[in-house]
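Chemist: Residue numbers (this note's numbering), protein chains in the order written: chain X, 600 to 1020; chain G, 504 to 885.
Because the hints were derived from the structure by calculation, they are not lab data. Take the hints with a grain of salt, since some may be wrong.
[Stated by the list, open to error] Only pairs whose alpha carbons sit at most 30 Å apart, straight line, appear in this in silico BS3-like list of lysine-lysine:
1) X:K962 / G:K666
2) X:K854 / G:K673
3) G:K843 / G:K545
4) X:K718 / X:K793
5) X:K933 / G:K573
6) G:K545 / G:K884
7) X:K933 / G:K884
8) G:K573 / G:K545
9) G:K661 / X:K933
10) G:K673 / X:K797
11) X:K892 / X:K707
12) G:K768 / G:K673
13) G:K573 / X:K724
14) X:K737 / G:K666
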Amino acid sequence: MACPWLKQCCRWNASSTSLFETLCHFKGRSVSFSTSSLGRTSWSSVPGNKGQPSSLPRTIHSKTFNFTTCLTGHKPRLLDPTLLQSCCCRKGAHTDAKPKDPFTLAQKDITNLYDDIRKELFVSKELKSLCHYYFDGKGKAIRPMIVVLMARALNSHSNRSGDLLPGQRAVAMITEMIHTASLVHDDVIDGSDKRRGKRTINEMWGEKKAILAGDFILSVASMTMARIGDNTVVKVFSQVIEDLVRGEFMQLGSKENENERFKHYLEKTFKKTASLIANSCKAVSVLVNPDPKVHEIAYQYGKNVGIAFQLVDDVLDFTSGANQLGKPSAADLKLGLATGPVLFACQQFPELHAMIMRRFSSKGDVDQAWQYVFKSDGVEQTKKLAQHYCQEAIRQISMLRPSAERDALIRLTEMVLTRDK
Amino acid sequence: MFPATWSRLSCKALSCQGQRALSLFSSSGPSNWSKVVADAEKIVGYPTSFMSLRCLLSDELSNVAIHVKKLVGTQHPLLNTARGFVYDSGNHLPTRGLVVLLLSKAAGPSHAASDLLAQDMVSGIYPSQRNLAEITELIHTAFLVHRGIVDLKEWTVKDGPLKDMEFGNKMAVLSGDFLLANACTGLAQLNNTQVVELISSAIGDVVQGIYNENYNNSEESSPADGVAVWEEHTFLSHGALLAKSCQAAMELAKHDKESQRLAYKYGKHLSMGHKLNSDLQPFVKTSVGEPVSFSLNSAPLVFHRQIVGQERWSQQLQQVKTRRDELDYSKLLATVKSEKGVSSAVDLCCYHGNKALEAVQAFPSSEARSALENIASAISKF
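Please take these sequences and the hints and turn them into a complete structure.
Modeler: Below is the structure:
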């Protein structure tokens, strides 16, 4: 591990556009800046670090010198989104090659994605309009964007042109299809009537048809992945489908023990959200590079970004006004779900424990839990946890050779943290 | 082999609903059906590779079983489906997996693939083919479960508490998805993307079939192309999965395209014949005082409508309506029987039975082939 690392870092040193250089540059200059931010975002201020999943890196390879010590020694600095941005600006000033906005960079590959998905979903009459309903191009398309950027970053890393291989493009489509199929089923399970500001399929056409539409989208996704012709890709996605269902099952139960509860929450978050992103990233890497280490980098980036994404989503469920997410706020509480902010709040206000156990089912529970969350620093703690995952995602993706897409993936972690819808 | 929770649940549900035939197989089928199936099961050795057992014993489904108990006494269809896991009832060919295994055995060992070893075969069937047979059953069961989702807006207060239905739906979605996810994992482990594509397309077919089944059956649909449309829809909902699984079983042993085509043909015609046979049961059985009931979309009615034409059909429907505007099924039965609809459906059933028989003739003569022939013959006997 150390040797390729050494080589990598030397290469980075040679290139003036590298993140490595910018970071060191940054480190040298901004002492006062970092002390102020330390207080705000220090990870170690999380009480007892109870929520910290065991898989998080405690120590990072000792021989990876400057670059990683820069990250580990001053972890929290990188976490602050504004800092990251200023970091990017400095880099821009240095090289005149300002890293592009991830959306812009992925645009050309995503433009026709929804058209192509609709073409795949070839079916007669009414079922077609149900299946096409959410592929209207109005979604955030964050998953396909990650997949596309990851594919291009990996292609560059593997000494090829960045352009997507046909299979990689198919993976981006499959990712969005599996995601949508699971949304359609989730809305039936949760009895939701709004999604992305639209009425849900179950609200429009009824539960029966909604479930069939979800099943149909899944079958088409599954055919599309089979046509890529790669058994590993098929296995990677079958893992996703299993995780999605198991994650949904995990949501049925509550854990008595607090630590177990947090572990359960993070595992559920991985299965329901991050597994799809992680495994899609892995799938595009399998298609271009035979090296399992590269697959692991792609997977780890997707996993960490995915968990951070969901943690932020859980925060937004409390902080964003109604309709901004396209669904009512405190939706999770109303569904009986205790997410990050509540679990953190419970450490300060043990009164929440009983409410969590009865899934906020008694009258007034939802309101009271809401109050407790805002009296506590649950929202802040959850954000910090998300930042921590983003930082790990950056660490992972930084192991790839520099490319515009790689840097866009780094920027994307910041956008995940700062998004408000 | 089913977990105790399921069977306890089913017994409880059973006692709630009164006695039912405890036959393992379709009670509406021909009398020698059970024997044909039982004989065939002996030929393929142990019937399963335990995939569905693993599935049913998993934490997830045990959890569902506990939850489903709460539904006992409600009218959610999931209860009936759960009961079906233990007492396979209704009109569904109970032997999809068995047919796949028999065809695998009838086609014999592979001549083309070097990576398939004859010594891996058990009772003349490759492990991958056994897994496929199980996957086929898992998919079928998943759709039995998803078929039973209830549209909540159509639920009225007099039907019972809405909360029960919401809960039942939740369980049905989750357990159906769980079975499908396990099928996907099983498919991926077959290491054959052609088979994955084929079976995935079959899943899509089943969805379309169920969709049509629920929403295109109406008294208003044009009767002129009735039978053709019925055949098309029935193939999707009842035939595609078996046909494509049979084809996939050949592909797994690297048998040539012709064998794949014949296997597909057998699976297709067998399922069509079986569906016709079960649709015909109310019309050919000498009724023993039980109340008759059948779908207006069942084969004899579709034929009948096409024969008498839309206008007369509407009149006939009016004539058999009770004062409360409900259909009198006994009267409707007599009306249909007086015309040629029933015999046309019987003819079509025999046609499909013969086509299935024809398809297996190309395979070398064997015990397994005879069993397939017996099954095909049984569906066209009344």
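Chemist: Each hint needs a verdict: does it hold in this structure or not?
Modeler: Checked hints:
1. X:K962 / G:K666: 17 Å, holds
2. X:K854 / G:K673: 20 Å, holds
3. G:K843 / G:K545: 40 Å, violated
4. X:K718 / X:K793: Between X:K718 and X:K793 the Cα gap is close to 26 Å, so the pair holds against 30 Å.
5. X:K933 / G:K573: 22 Å, holds
6. G:K545 / G:K884: 23 Å, holds
7. X:K933 / G:K884: Judged against 30 Å, a Cα distance of about 57 Å means the pair is violated.
8. G:K573 / G:K545: Status violated; Cα separation ~38 Å.
9. G:K661 / X:K933: 27 Å, holds
10. G:K673 / X:K797: 22 Å, holds
11. X:K892 / X:K707: OK: X:K892 and X:K707 at ~29 Å, within 30 Å.
12. G:K768 / G:K673: 37 Å, violated
13. G:K573 / X:K724: Violated. G:K573 to X:K724 sits at ~38 Å, over the 30 Å cutoff.
14. X:K737 / G:K666: Violated: X:K737 and G:K666 sit about 33 Å apart, past 30 Å.
Violated hints, listed in ascending order, are 3, 7, 8, 12, 13, 14; each of the other numbered hints is respected by the structure.
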